[in-house]
Amino acid sequence: MPIERRSGRRGRAANRNASSASPPQTRPNGDARERVTTMIGETSERRIATAAAVAYEGPERRAPIDLVHLARQTFGSIELEREVLRLFVEHGAGLVAEATRPETLARRDAALHRLKGSASGIGARRVAALVELLEATAPETPDAAALIGDLAAAVEEVARFVDRLFAPKAADEGRLRNRA
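Under UniProt numbering, the first residue of the sequence shown is numbered 1, with each subsequent residue one higher.
Some hints here could point you the wrong way.
To be verified - Here are the simulated EDC-like pairs of lysine to aspartate or glutamate, each with C-alpha atoms no more than 16 Å apart in a straight line:
(1) K116 / E98
(2) K116 / E103
(3) K116 / D150
(4) K116 / E90
(5) K116 / E156
(6) K116 / D66
Worth flagging that the hints you see were computed from the coordinates, not collected in a lab. Here the structure is a predicted model, which means the values were calculated and not measured.
Based on the provided sequences and hints, a complete structural model is requested.
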């Protein structure tokens, strides 16, 4: 029997009551567990696929840092942006090195986690995506070695970008002094 829909305030309330009147459909416990397990597996695979797409999509077309994200994170403060970027450049290469020579797997994971957090904070999405892929890869595999190389290059690219980002200001000040 179809539910009659009504318009207006009273009609909407009646429609809500009518649509919620049917009992929820239940599935056997095993079927639900299987669906959830499948969804978790698919979500994990999608997350890894998304990270791979971000990590390897035409880096020549994108800036290594999302400056809009960085501005939001620093509430538009240029001084805070400089400080956060300086800290990332100072510590980024060290964290990559720490991840390549860990004494234990826990130290590797901790270094990668710190790097991913700081990269996400400044908007270095490619670095964060590479770390996510690396976290999902066993450390002794050739894939991990290749990812470490790509990660080191991405961190270096961010460092060069930060240098260029703040270098024009100094160069412009020099040109202005030469004109005067």
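The hints, checked one at a time:
Pair hint K116 plus E98 holds up; C-alpha atoms about 13 Å apart against a cutoff of 16 Å. About 20 Å separates the Cα atoms of K116 and E103, which puts this hinted pair outside 16 Å; it is violated. With a C-alpha separation of about 14 Å, the suggested pair K116 and D150 falls inside the 16 Å cut-off, and the hint holds. Restraint check for K116 and E90: satisfied, since their Cα atoms lie roughly 15 Å apart, inside the 16 Å limit.
Distance hint between K116 and E156 is fulfilled; the C-alpha atoms sit about 15 Å from each other, no more than 16 Å. With a C-alpha separation of about 15 Å, the suggested pairing of K116 with D66 holds against the 16 Å cut-off.
Hint violations for this structure: number 2 only, all remaining hints satisfied.
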